[in-house]
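These protein sequence lines are chains A and W, in that order. Using numbering that gives the first Met the number 0, the first residue of the first sequence is number 0, and each one after it goes up by one. Using numbering that gives the first Met the number 0, the first residue of the second sequence is number 0, and each one after it goes up by one.
In short, the hints are calculated from the structure, not lab data. On a predicted model such as this, the values are computed, not experimentally measured, just so you know. A virtual CB, placed ideally from N, CA and C, is assigned to each residue, including glycine. A portion of the hints provided could be inaccurate.
Distance ranges between label pairs, derived from CB positions [to be verified]:
#1 A:VAL144 / W:ASP54: 37 to 47 Å
#2 W:ASP54 / A:GLY300: 22 to 32 Å
#3 W:PRO180 / A:VAL114: 49 to 59 Å
Where chain W lies over chain A, by a calculated footprint (3+ residues, C-beta under 8 Å) [what the hints assert, rightly or not]:
#4 147-153
#5 295-306
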Amino acid sequence: MTAAASPLRRVLDALPITVFVLLFIYLSVNSNSFLSLPTLELILKQAVPTVLVSLGLATVIIAGGDDVVSGGIDLSIPATAIICAAIVADQLTNREATLIWGLVLAFGAAGVIGVVNAGLVVWVRMTPLLATLATSVAVVGVTKVITESRRIGVTDPTIVFIRDGQIAGIAAGVVLTAIVALAFWHLVHRTRWGMNLQATGGSRDAAQISGIATNRFVVQSFLLAAFTGWIACTFVLARGSGSSPGSEENLLLEMVLATFLGAAFSPRRVVTVWGAVLGAVLVSALSVGFISIGVNVFWTGCIKGALILLVVASAAAGRAQ
Amino acid sequence: MNYTTKLLAALAMSVSVAGMAAADGHANLEGKTIGVAVVGTQHFWDREAFNGAVDTVKELGGTVVPVDGGRDNQVHADNHDILLNQGVDAVISILGDGAVEPKFEALKNAGIPVFTVDHQSPHAVNNTTSDNYYMGTTIGRYMADAIGGEGKVAVFNAFEGALRICGIRTGLWKYVLQDYPGIEIIQPELAEEFANAPEDARKKTLDLLSQYPEGTLDAIHVGCWDQPAIGIVQALEEAGRTDVLVTALDGGPDTLEIMAEDGSPFVANVAQQPNLIGSTAARNVAAHFAGETLLPQTFVDVFPVNGQAEAKAAYKELGYGSLD
């Protein structure tokens with residue numbers, strides 16, 4: 000038998016959704032074009048990199064638990080995406096290498112980042128928040144060394160196709176991202192491996208008693224997160240027609256908001272793959288909506304920050320109840 | 000003719016040239032919705048160019064859809080998709096790197112004319128910009144003179160390959176220095192960050208000073224703008240190395256104030272008129288809709304500023320107030 004949720008818990012549960020619904024009503028009323036198919040397509044296209052890195056963060060949180068401090072979190076995924084983008088752009092433009100070779104090198108870099116994160120968390124026993132923050136700072140530094148803090152333009156036809164091409168009448172980037180999201184959903188929510196991953200994050204002790212090698216799943220979650228950073232790099236390159244320094248900051252903000260916002264929309268208020276995807280799309284919709292009605296970009300950042308606080312505080316208060 | 004008189008004459012001429020686009024009275028923007036996209040509004044130059052464009056569109060009867068990239072080139076580029084989606088009649092795009100090119104192309108293909116500011120593009124009807132050629136050569140001469148025609152010079156040069164205007168300014172600065180064989184540009188060149196330029200330049204300058212002790216570095220130049228120069232001067236003052244001279248480009252009020260201080264190491268600059276540039280771009284949009292044929296580029300005059308006295312004069316004449 001479970002105790003009925005307290006009134007405070009019910010209010011906290013409903014708060015993020017209520018705020019978002021009100022925001023969307025406000026945007027729909029104030030922008031003639033917000034509720035239209037072209038805007039939906041624009042929202043989905045702009046959501047692509049955020050969706051991909053949010054898949055990685057969702058996987059780490061599912062494996063490590065949703066406590067922001069002691070649970071699973073990986074703040075280095077956007078930095079991984081940006082360094083991979085820089086490596087590929089550098090290889091394509093400055094060294095005249097092939098896209099495949101650039102992606103191979105970037106895959107190696109992402110693998111190193113994943114191993115370092117996993118090592119710091121599982122073996123050194125650092126809190127994931129600090130470990131991945133430190134990794135992110137280091138990775139951004141290495142990225143600046145690779146790019147010399149300069150933009151590197153890319154005109155590779157595959158990257159251009161991801162940017163401008165269509166598959167079955169839908170933007171290629173959106174279709175490819177949907178395929179990756181489906182694969183992640185299947186892996187995390189429909190396989191035995193995924194069930195064990197969820198068990199690890201749900202209760203580490205219980206999972207260990209059940210014979211699950213929990214450390215192995217935490218390690219694998221960080222490797223998968225780095226993998227999503229690697230996948231995201233081609234979409235980052237496509238979106239910006241090259242590698243631009245400084246792109247990781249906005250991506251980090253949107254990734255954290257999207258992933259925890261997704262949890263607020265799930266029936267059990269837990270982080271899920273589809274929740275992360277929905278969260279990323281909603282965050283993109285907010286960005287497009289705010290810009291469309293002329294909200295100052297600084298207010299947009301402020302609102303996003305406040306929403307992160309709201310969804311994380313709601314989750315924390317819910318656990319405390 | 001003294002510096003102030005020359006400055007006033009040039010100002011009057013540049014204002015009249017800029018106004019020619021809409022001078023015939025029938026060029027207006029009534030009934031038109033104009034998207035104005037700016038890469039950021041944190042810095043004086045960007046903000047003034049943006050304000051100039053927005054105010055002039057309104058003055059000419061148009062409706063403005065403003066979008067601000069928050070000093071993030073990617074967000075700035077993405078904002079053009081929103082303007083395309085909103086079906087504006089024309090777009091004025093201020094700054095931005097190569098990420099905006101596909102967006103310009105999409106706007107052009109949708110029949111929306113693009114007018115750029117400080118960004119040459121094959122997809123734009125017109126680019127309004129300062130006389131970058133004059134800026135590059137003048138600052139080269141001023142810097143060479145300031146260090147007596149010889150010495151070691153470090154350069155912050157992050158954007159020479161990414162932005163054509165920076166390619167022109169820094170390229171011509173280097174071209175001038177070819178005639179000064181005694182001047183050596185320290186390699187590798189430095190690259191400043193776009194978003195946090197003053198603080199980033201301060202740190203990099205402190206590193207540079209530790210590598211080049213007193214007497215081994217003569218000047219630091221910023222190749223395309225002057226926000227990093229704020230941090231460079233801070234670092235020189237922190238390290239007690241104000242013997243190292245600083246030169247840069249843009250000449251906003253913040254850097255002119257630094258130049259006007261007694262004993263400032265910041266000795267030369269070239270001041271632009273960002274508000275007039277933005278305003279001119281808006282008038283070019285009106286001229287385009289009035290059926291006039293525009294040249295690919297509209298150049299707005301710049302004002303070389305050499306030393307403390309000229310910094311004070313330029314500050315006053317450009318309408319920033321008085322430093323006396």
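Tested hints:
1. A:VAL144 / W:ASP54: 37 to 47 Å: holds (43 Å)
2. W:ASP54 / A:GLY300: 22 to 32 Å: holds (25 Å)
3. W:PRO180 / A:VAL114: 49 to 59 Å: holds (52 Å)
4. 147-153: It holds, with 5 qualifying residues against the three required.
5. 295-306: Held - the segment 295-306 of chain A has 5 residues with a Cβ nearer than 8 Å to chain W, which meets the minimum of three.
Checked against the numbered hints given earlier, this structure breaks none of them.
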